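Trainee: Sequence:
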Amino acid sequence: MKKEMLINVSQAEECRIALLEDGTLEELYTERTSQNNWVGNIYKGKIVNIEPSIQAAFVDFGVGRNGFLHISDIEPEYFRQAGYDPADIMSGKNF
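Under the working numbering, think of the first position of the sequence shown as 99, with each following residue one higher.
These are calculated hints, taken from the structure and not from any lab test. Computed from a prediction, not measured in an experiment: that's the story for all the values here. Idealized CB from N, CA, C, for every residue including glycine. A couple of the hints might just be wrong.
As the list claims (entries may be wrong) - Computed spacing ranges between beta-carbons, pair by pair:
(1) L117 - K142: 29 to 37 angstroms
(2) G121 - N147: 20 to 28 angstroms
(3) R114 - G181: 20 to 28 angstroms
(4) T122 - R163: 32 to 40 angstroms
(5) S170 - L123: 22 to 30 angstroms
(6) K100 - E129: 21 to 29 angstroms
(7) I152 - E124: 30 to 38 angstroms
Please model the complete structure; the sequences and the hints are all you need to start from.
Mentor: Below, the structure is given as C-alpha cells:
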C-alpha cells in the first residue's frame with residue numbers, strides 16, 4: 099500500500115495538503131490565512147445543547163458560534179472520574 103502526502107502552497111494565503119493511498123485521494127485539508135482555524139485547539143466552553151441522536155453536544159466557546167463535540171472526541175477517563183462507564187456511554191445508554 100503506497101501512501102503519499104502532497105503539499106501545495108503556490109499562493110501565500112492558502113495551503114493545501116492531500117493524502118493519497120495507492121493514488122486515490124483519502125483526505126484533503128485546506129487552510130487559508132484569512133480564516134480562523136478553531137479545530138484541534140483546546141478551549142473552555144459551556145455546553146448549550148445535547149443531541150443524543152448524534153451522540154454530540156454543541157459548545158459555546160466564545161467565538162460567536164457554537165462548536166461541535168462528538169462523544170468519541172472525549173477522553174474516556176473523564177467519564178470514569180464522574181462515575182460513569184465509558185462503554186455504556188459509547189453504546190448510547192442514558193447517563
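Trainee: Could you run down the list of hints and mark each one as holding or not?
Mentor: Here's how the hints hold up against the structure:
Taken as a hint, the range 29 to 37 angstroms holds for the pair L117 and K142, whose Cβ atoms sit roughly 31 angstroms apart. At roughly 42 angstroms, the beta carbons of G121 and N147 sit outside the given window of 20 to 28 angstroms. For the pair R114 and G181, the supplied restraint of 20 to 28 angstroms is violated, since their beta-carbon distance comes to about 45 angstroms. Between T122 and R163 the beta carbons are some 33 angstroms apart, a value that agrees with the proposed interval 32 to 40 angstroms.
At about 24 angstroms, the CB distance of S170 to L123 agrees with the hint of 22 to 30 angstroms. Taken as a hint, the range 21 to 29 angstroms holds for the pair K100 and E129, whose Cβ atoms sit roughly 25 angstroms apart. Distance hint check: the CB atoms of I152 and E124 are about 24 angstroms apart, inconsistent with the given range 30 to 38 angstroms.
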